[in-house]
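Enquirer: We have chain S already, so just place chain C on it with the hints.
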Amino acid sequence: MTTLVNVKGLQVDFLTGKGLFTAVRQIDFDIGHSEVMGLAGESGCGKSTIAFSLMRLHRPPAIISKGTIIIDGQDVLAMPPEKLAKWRWSQVSMVFQSAMNSLNPVITLFEQFRDMLARHTSMSRAEIRARAAELLGLVGIPAARLDDYPHQLSGGMRQRVVLAMALALNPKLIIMDEPTTALDVVVQREILQEIMTLKAQFGFSILFITHDLALMSQFADRIAVMLKGQIVEVAPTAEIVANPAHDYTRTLWDAMPRIGGV
Amino acid sequence: MGDTINVTPLLEIENVSKIFHLKPMFGAAKEVIAIRNVSLTLGKGRALAVVGESGSGKSTVGRAVTGLFKLSEGRVLFDGRDIAQFRRRAEKLAYARSVQMVFQDPFAALNPAHTIRHHIERALKLHRGLSGTAIEDALLRVLADVEIDAEIALGKYPHELSGGQRQRINLARVLAVGPQLVVADEPTSMLDVSIRKSVLGLMDRMKKERGIAFLYITHDIATAHYLAEDTAVMFAGQVVEWGPSRCVIGNPQHPYTKVLLSAVPDPAIRFASDPASGRAFSEGVERIRALARKPAGLPVEIEPGHFVRHRFDEMDAA
Chain S
1 MTTLVNVKGL QVDFLTGKGL FTAVRQIDFD IGHSEVMGLA GESGCGKSTI AFSLMRLHRP
61 PAIISKGTII IDGQDVLAMP PEKLAKWRWS QVSMVFQSAM NSLNPVITLF EQFRDMLARH
121 TSMSRAEIRA RAAELLGLVG IPAARLDDYP HQLSGGMRQR VVLAMALALN PKLIIMDEPT
181 TALDVVVQRE ILQEIMTLKA QFGFSILFIT HDLALMSQFA DRIAVMLKGQ IVEVAPTAEI
241 VANPAHDYTR TLWDAMPRIG GV
Chain C
1 MGDTINVTPL LEIENVSKIF HLKPMFGAAK EVIAIRNVSL TLGKGRALAV VGESGSGKST
61 VGRAVTGLFK LSEGRVLFDG RDIAQFRRRA EKLAYARSVQ MVFQDPFAAL NPAHTIRHHI
121 ERALKLHRGL SGTAIEDALL RVLADVEIDA EIALGKYPHE LSGGQRQRIN LARVLAVGPQ
181 LVVADEPTSM LDVSIRKSVL GLMDRMKKER GIAFLYITHD IATAHYLAED TAVMFAGQVV
241 EWGPSRCVIG NPQHPYTKVL LSAVPDPAIR FASDPASGRA FSEGVERIRA LARKPAGLPV
301 EIEPGHFVRH RFDEMDAA
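Sequence lines, in order, name chains S and C. Heads up, the first sequence stops at 262 in our numbering, and the numbers go up one at a time, no gaps. Heads up, the second sequence stops at 318 in our numbering, and the numbers go up one at a time, no gaps.
Okay, chain S solo, but in the shape it has when bound (with noise of 0.2 Å):
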């Protein structure tokens, strides 16, 4: 397994009325290629954060103050205005958190898709019509759904259009920030197991964010667990199951709700 995503030495910093907040510092990590690599932590710890500025898509007040992030050899940080746009979902798409609320409520899904494709390719609307029916058929959404309008579908169907759309440009990586917490819990399990099907599929890696510790257990291939901004542990997913090394990684795992134990 190659390194397809390299970060440095990594620190975001917010400007606030009181200074400097340093977010998230000192981050380290590599992805290979169609790995899963596990980002976990409680809600403010910075994961969100990371995620962002992956794709460079952190506004101000945040800012990247120091470090370096190499996506399939090429320097993020030092890209080109124009060069990002086309870089951003044609190499690394995203995922949001909350995804089924990312779609325009106002236009239908066919032009949905079509705003993308006809950005990033010079297909036809004809041409992106097939594609955007194909892609739906990869998430088991039937092609006849293209003219609805988002709220027409539900949660978890939304969320599969949301995947379907960062699958449409076969990109390298994808950036799944929280991709099914919304959603119950059968439904969490589907789409999760389609994302694992597409990835056998098309090979793309996968940077999961969640803060279900046991979730991303049956996911990732390897797991960090961040505190306050700083990974304190990132370790194969069997091993931080079985033994994990630092103290909040077990804090973690006692906090689960799970069936077996009170």
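Calculated from the structure, these hints are not laboratory results. The C-beta atom is built at its ideal place from N, Cα and C for all residues, glycine as well. Just to be clear, a hint being listed does not mean it is correct.
[What the hints assert, rightly or not] No more than 25 Å apart at the CA atoms, straight line, and that leaves these computed lysine-lysine pairs for BS3-like:
| # | chain 1 | residue 1 | chain 2 | residue 2 |
| --- | --- | --- | --- | --- |
| 1 | S | 83 | S | 66 |
| 2 | C | 197 | S | 228 |
| 3 | C | 156 | S | 228 |
| 4 | C | 30 | C | 197 |
| 5 | S | 18 | C | 44 |
| 6 | C | 156 | C | 125 |
| 7 | S | 8 | S | 228 |
[As the list claims (entries may be wrong)] One-sided excerpt, in silico: chain S residues whose CB lies under 8 Å from chain C:
| # | residue |
| --- | --- |
| 8 | 20 |
| 9 | 184 |
| 10 | 188 |
| 11 | 214 |
| 12 | 217 |
| 13 | 239 |
| 14 | 256 |
| 15 | 258 |
Expert: What follows is chain C alone, placed relative to chain S:
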């Protein structure tokens, strides 16, 4: 359930159905059967978990109990009295005082323009009729009960607190009213996994120390047994399986209960990555949903107090 047989249960839901009539601006009016023939009982100081996926009607059950709408069929008895028969204002207010709700979204349930003090003081003034120093004492007591530092929290606004703290404030507000029954609609599902257990523990203490009964509505069957002695599993508006939590979780009978249990994240099991088994889960779930959507048969007692409603003729596959 043995200890509740001879006394009147606190809450009895008898054969309740609710049909919503939707009249969209365009297109034909249609009926949605939100719940159908639901019967549940809950004893004083006990907790009943109502488990099901989105759209299964579990929240409608909670709303029926709080009397937020008229039932299409059946009745809800509180302490042996039909809540639809409360006519006098005093009766209605007394019922509102006895039954309180905790909502899913701790962000939306508190008024962003008011401090924490305002939220809890209001409950103490309106429902307990307290004033002066009595309020101050009661304030400190309820906040101590939910393990919030009163000195820090009282003057703050909701946005200055974390989700878990806000849910504790919601529980403190409930305590301030002093109800006999709390309808908790997904109280932990918007919280971090890492703080869910502590909020569940808090509710469990409220139940044990104050004798407050809980109707705990959730989609996460793994959390049910932390709080609830009894569990009822709902699908498509019907209760398909119910009984003591340990029986329902330990010995699930209905295929839908099994699906719910199998979907609970288990770190010991990796997701399969081959397309066949990936699709198989989804298809299996769809098949069981289609079965469970049909009118359920008569209840069958599996073990004492543990009932399931199958469609036996179509159940051979499971």
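Enquirer: Indicate, hint by hint, whether the structure satisfies it.
Expert: To see whether the hints hold, each was checked on the structure:
1. S:83 with S:66: holds, 22 Å
2. C:197 with S:228: holds, 21 Å
3. C:156 with S:228: holds, 23 Å
4. C:30 with C:197: Distance ~41 Å between residue 30 of chain C and residue 197 of chain C Cα, so the pair is violated.
5. S:18 with C:44: With Cα atoms ~51 Å apart, residue 18 of chain S and residue 44 of chain C exceed 25 Å; violated.
6. C:156 with C:125: Roughly 20 Å between the alpha carbons, so the hint for residue 156 of chain C and residue 125 of chain C holds.
7. S:8 with S:228: Distance of about 18 Å is within 25 Å: holds.
8. 20: violated, 21 Å
9. 184: holds, 4 Å
10. 188: holds, 7 Å
11. 214: holds, 4 Å
12. 217: holds, 4 Å
13. 239: Because about 12 Å separates residue 239 of chain S from the closest Cβ in chain C, which is outside the 8 Å limit, the hint is violated.
14. 256: Since chain C brings a Cβ to about 6 Å from residue 256 of chain S, closer than 8 Å, the hint holds.
15. 258: holds, 6 Å
The structure does not agree with the numbered hints 4, 5, 8, 13 stated previously, though it agrees with the rest.
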